[in-house]
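S.K.: The residues making up each chain are set out below.
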Amino acid sequence: MLRIKGLTKRYRTGDLALKGIDLDVPDSQVMALIGPSGAGKSTVIRCINRLVEPTAGSVALNDTEITVLRSADLRRVRRRIGMIFQEYALVERLTVMENVLSGRLGYVGFWQSWLRRFPQSDIDEAFRLLERVGLDHMADKRADELSGGQRQRVGICRALIQNPELLLVDEPTASLDPKTSRQIMRLIKELCAERKLSAIINIHDVMLAQMFAERIVGLRLGEIVYDGPPNELTPAVLTSIYGEEDWSATIRKAADEDPDSGKDSVVPFERSLSDRDRLAGLT
Amino acid sequence: MMSVVVKGGLKIWQRRDRNAQLAIWVSWLAATALFVYCFQLISEKTIWAFVWDAPAQAGDLAARMVPPDWGLIRHLARPIWDTINIATLGTVIAVILAVPVAYCAARNTTPSVTLVRPVALFIIVASRSINSLIWALMLVTIVGPGVFAGIIAIGLRSIGFCAKLLYEAIEEIDEGQVEAVRATGATGAQVSVYGIVPQVLPAFAGISVFRWDINIRESTVLGLVGAGGIGLELNAAITQLHWTQVSLMLLVIIGTVIVSEWVSAKVRHAII
Amino acid sequence: MSISIQTTRHWKKRPLIQRASLRWTLGLGAAFYLALALGTTDVNWNRVWEGLPRGTQFVTAFFPPDFANRWDEIVDGISESLWMTVVSTVVGIAISIPVGIGAARNIAPAPVYYFCRSILTVSRSFQEVILAIFFVKLFGFGPFAGVVTLSFATIGFYGKLLAEDIEDMDAAQAEAVRATGASWLQWINFGVQPQVMPRMIGLGLYRLDINFRESAVLGIVGGGGIGATLNTSFERYEFDSAAAIVLVIIAIVMLAEYSSGYLRRWVQ
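Which chain is which? The protein sequence lines are A, B and C, in order.
By our numbering, the letter at position 171 of the first sequence is numbered 171, and the numbering carries on one by one without gaps.
By our numbering, the letter at position 237 of the second sequence is numbered 237, and the numbering carries on one by one without gaps.
By our numbering, the letter at position 168 of the third sequence is numbered 168, and the numbering carries on one by one without gaps.
Take these hints with a grain of salt, some might be off.
[What the hints assert, rightly or not] Partial list, computed: chain C residues near chain A (C-beta under 8 Å): (1) Ala172; (2) Ser183; (3) Phe190.
Since the hints were made in silico from the structure, they are not lab data.
The beta-carbon is built from N, C-alpha and C at its ideal position, and this holds for glycine as well.
With these hints in hand, go ahead and build the complete structure from the sequences.
M.R.: Written out as structure tokens, the structure reads:
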């Protein structure tokens, strides 16, 4: 359970990015954070693992208060929080395997990581994850040889190998085509369900947010203006988040594709082989 | 590169396969051995007692250098002016001469790949491999000591540098643009002026300013072999053990170099 | 478009600098400076004239150069230059890695940043020969002073370029590694090093080349290497020996350039 109280961030330029956010994310809930550019979505999730230092407020992950931690403890809590990035943020000149294993850096010592001597259990887990996302045959490719969708899948593996309690996802589909975007969102949702993970997903695309999240939080100018289920997103709500616009084409009809009713929506871990084929064939 | 090995049901992962790993270890070993060997040879020629004594010497020297002899600063105006002139005029000469050399050296503009290009490349290598101080050494014996020898030395040393960077820039131009100009029926010279020059002009300006900045630094030492500038005064002050004068000159040199670096960065920034 | 109005429209290429006043100031300033600089440059044309025969003498000395007369000294000097090059490049790069990391604004705290930047500035401000004069004073004549000089100069060169490369790196890749809970050293190793490594290997080879060329002059002030031999042969007007040395230097530089290009391709 993640509990955010009065989270405030003022940048050195004086801009007030967050104005006292209160937010609780219970275990195994997939939550989408929507809002216009500059609303503070990115700042919220970066304040949670303190890639950005919050100015005031508290962030607690399962009763660990994160905002007061010093460097070693902060690293220990960071490894409990997986993060998936916009534009993938893979280290491009490292191989796929090295990228995935870099998710274990918080657990192994410096020399071990320097010599790339990760424990066999980590390597097994890395292969299992790569297999799960359909990329185990790519383990020795360099990250910059991969397509966008493949890269984001490696990014997901890197986050999951941390064995996190919470997933922070920053615009995962920002540079992907519509089809790959859906695949990636579906994968994230499935993996969260398999591992009982909670996730906060920053996303621009309201339709994708409605399709794959069970709860939607709307942010505007550093304040929460909506917090509720996806099907209560009305034109009025969207206007309060984004401003005046014709929303009729954006809002998903209730009868449209429901991710929870699809036959392949939640794939159990054992079925990963067919899943892999499905994913590999589509990239 | 296969580095995933299946061993008894376990997938072992290594960053590299065995042969690549071996090659890397061997190269490291060879490099280390070479380093140790070279160090050994140098160590044989070194009087280590002097080296251990060096910190004390350095402290002593530093103490004798303060305070800098500020009164001398008026007498340094001329040497610094000469130094700047050596660098600037030398750069101007080099830049002017580098253009035809680069034109002949670039694969896509040279009149003849078999005859002219090798000559141009040799000029570039010869000019680059010989340090400006060696050029100055030669020129001082030929044209006599003074600023003139320094200017020519800097000029000759810089031709290679400027021409090399310039011909690389010429080789990287967009052939499509040149082709489009040629398609209008332009003559060879017109193609150069309309198709090539606009593409390499920013690089050319950047290279000139960059080299000028380097030349300021280089021209501070030419005086050591008699080729004018502040090096002359520095050498005199050191041989006469006037350490307070030496420290002032060092400060002046640092100042000049920092200013020139700043100017060069500003100009390059404005161009790009 | 007003086709009906038949006026001749003049066109002129627009000048590079738009503001006329600035254009004229720069132009006149440059002309004034050139006049002043040329005017204050004393050239003793008689001396130049006298020297020209010596110049032709020097040029003819290349055909053929005299390798035989001072062969042993040339071999000694060149090999000493080569040892100095190897040792100083290795030592210099080893030291410039921490200095360069410390001088990168995006990863170093302010006090460390300013400290490392000032080391780089001092090292870059002084030409190698000036540094060599002082190191010869401290460590005595011989190659050790030359090695210290070249190592110090390498720090300025390599450290600055490393710092700039780190400042230009993709921050997202590094941030992603930091988010996994990596320690600082792990972060450098996984997030920063892969991004800067290829360029730094190339620059290391380039510096090797520069150090060899510089080592050829340090001998003039007593810093070891071939420079001492070269200086002596100039002083004795033994132009054919000097020509031989210069040719050897050119040959080695060419060889180094060729092989470093090959090595760089192999590394990538």
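S.K.: Hint by hint, note whether the structure agrees.
M.R.: Each hint tested on the structure:
{"no.": "1", "hint": "Ala172", "verdict": "holds (4 Å)"}
{"no.": "2", "hint": "Ser183", "verdict": "holds (6 Å)"}
{"no.": "3", "hint": "Phe190", "verdict": "holds (5 Å)"}
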